[in-house]
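Chemist: Each chain, written out:
2 protein chains.
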Amino acid sequence: MKLSDLGEGGLIDLIRDWTSSRPPVVVGVGDDAAVLEIGGAEDLVISTDASVENVHFRTDIQPADEIGHRAMTGALSDLAAMGATGIAAFVALHAPPDAAVEFVHDLYRGMERVASPAGVQVAGGDTVRGALALDITVVGVVPRGRAVLRSGAREGDRLYVSGALGRSEAGRRLLSGEAAPGVPARFRSAAESGHRAPRPRFDVSELLMRLPRRPTAMIDVSDGLAIDLRRLCEASGVGCSVEVERVPVDDAARCIAEGEGRDPLSLALEGGEDWELLFAIGAEGAGDLEEAARRAGLSVSAIGRILARREGMALTREDGSRRELPLAGWDHFARRS
Amino acid sequence: MKLSDLGEGGLIDLIRDWTSSRPPVVVGVGDDAAVLEIGGAEDLVISTDASVENVHFRTDIQPADEIGHRAMTGALSDLAAMGATGIAAFVALHAPPDAAVEFVHDLYRGMERVASPAGVQVAGGDTVRGALALDITVVGVVPRGRAVLRSGAREGDRLYVSGALGRSEAGRRLLSGEAAPGVPARFRSAAESGHRAPRPRFDVSELLMRLPRRPTAMIDVSDGLAIDLRRLCEASGVGCSVEVERVPVDDAARCIAEGEGRDPLSLALEGGEDWELLFAIGAEGAGDLEEAARRAGLSVSAIGRILARREGMALTREDGSRRELPLAGWDHFARRS
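Protein chains in written order, with the numbering used here: chain A, 1 to 337; chain B, 1001 to 1337.
Source of the hints: derived by calculation from the structure; they are not laboratory data. Note that the coordinates shown come from a computational prediction; the quantities given were computed from them, not determined experimentally. Take the hints with a grain of salt, since some may be wrong.
To be verified - Short derived list, chain A residues pointing at chain B, Cβ under 10 angstroms: (1) Met1; (2) Ile15; (3) Leu44; (4) Val104.
Beta carbons are placed, not taken as given, at the ideal position from N, Cα and C, and that holds for glycine.
Could you put together the complete structure from these sequences and hints?
Modeler: Structure representation (structure tokens):
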């Protein structure tokens, strides 16, 4: 069997079987990040994110600092999704021998632009001749036993997502020329910067970790709300219901989708790379969360609730209609859906 | 300027300038591994090692388990070289979509074969479509403040190396058909397994860390004694003198070199990938070291001493002749020397 037959999810399931998780590894292959209990007041949280030319980025249309910036955001977002604080990043740089030193410098400048404000230092790595790629391993800490996994959602929990979705995909469509013409400048600028310079949502995760009742489960929206919500529900062994009118679609994404005659919701459900946080929280904690977010000036939207597994994963409309959460999303070893 | 003009060492120097090292990063870019002081009784030691097809391995002549085995050894050896104990490894796997699942399974089996006896778990990583590569980030711990850096060697220290050198390069020459025919079977087998299934020397590093006087500086011999000794001396700001008759050349390597009419020492100086440990230790600790190694049945050889920087880095012979330590060694962005 080939990897393309198996798909990325199938491969990760196999790798989980091939590897082991016993102390001090509390969480191994399969969540946003691994959790290691090393004694002391804090657990280690570690995640690796690979970025490869012509899969994750294109050097013909993206400057090097943007490539580095986006790669570091993707890596650090996995720490935010565990409720962890970042410390350090390790970068394996694959580059052709004829790459310009200035290009590589710009990659690092882009990475530092995201890492530094998050208190994360590039503390090591490796350099090797090869097709251009950046593999970033990030290391963070979380108070012992408090990492927020994908697997803790329980029936009755409320589902929230931070920020607004679809902006990065809208920006990608604009920059690649796929979007219809006539997008107002303010939306064009917002979507492009959303795609080019996204940030990990440590502001949101820090707020969540200070709540008296923290989230029961969390994941970052890397591959689109549909696929990442599915991952959270599958890891938790639950179902869910999402009220589509409550899904926060970015204004620029809405404008760009409508210009193409597309349902704006599709950009939010399938777009990916917005790096917002999707989380479940016990119903009794919802009020505190919303109050804290309001005080902090951070946007979080209640989009639905966690159901029993047998109830499936559904999108519902105010008119009472209901459909299954789409399977669409990004798979590195299969075709783009 | 291109990376090939700069060379790998020059690039790493630049990356060190581009990045920062402030607490909790105690040691950043430039040593075998980074050291992070995270509070508590132990420091974190973290290193990344990239392995790329046709640079570090060839799928046409190496089975997948050997590729995984060698990659994991190279990564973990950096922890041994800091005196650290390994905990976990994170693997970024780049693979083409038409790669066989069995091939990938064999890669992981090879990695586990080295990781598991060292108490190291593959706890995470990433999978991505691309040219075959394995980037491994390893995480270990060392008692606080006790990581052995490259930079601590002082004038008058004794220089030691564990095991014997040149075996991996001898095996590579045999397996690639470069070696002259007529190598006795026992040497052939020893050299081939030295190349195919090397092990990180945690046995040696654990012994060293239990000594009342620990090494002042240490590095693993990844690129050959000449280049790695040069790195240790440069990081420490010292010179050195190596008595070439004392350099432990592996028996199989000696036989294979002599069959080709080469100086066996050249395999030890330039061969690389033996993953032995090269270290400096205060003269007053040398007796304890040799006694402890003898009791443990581990081979360590006194090969020379640390001098003041102004005395340079020299190879000396019993006949009193002296030459500069060769510059030869592996550079990923330059040509093979």
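Chemist: Mind listing which of the numbered hints don't hold for this structure, in increasing order?
Modeler: none
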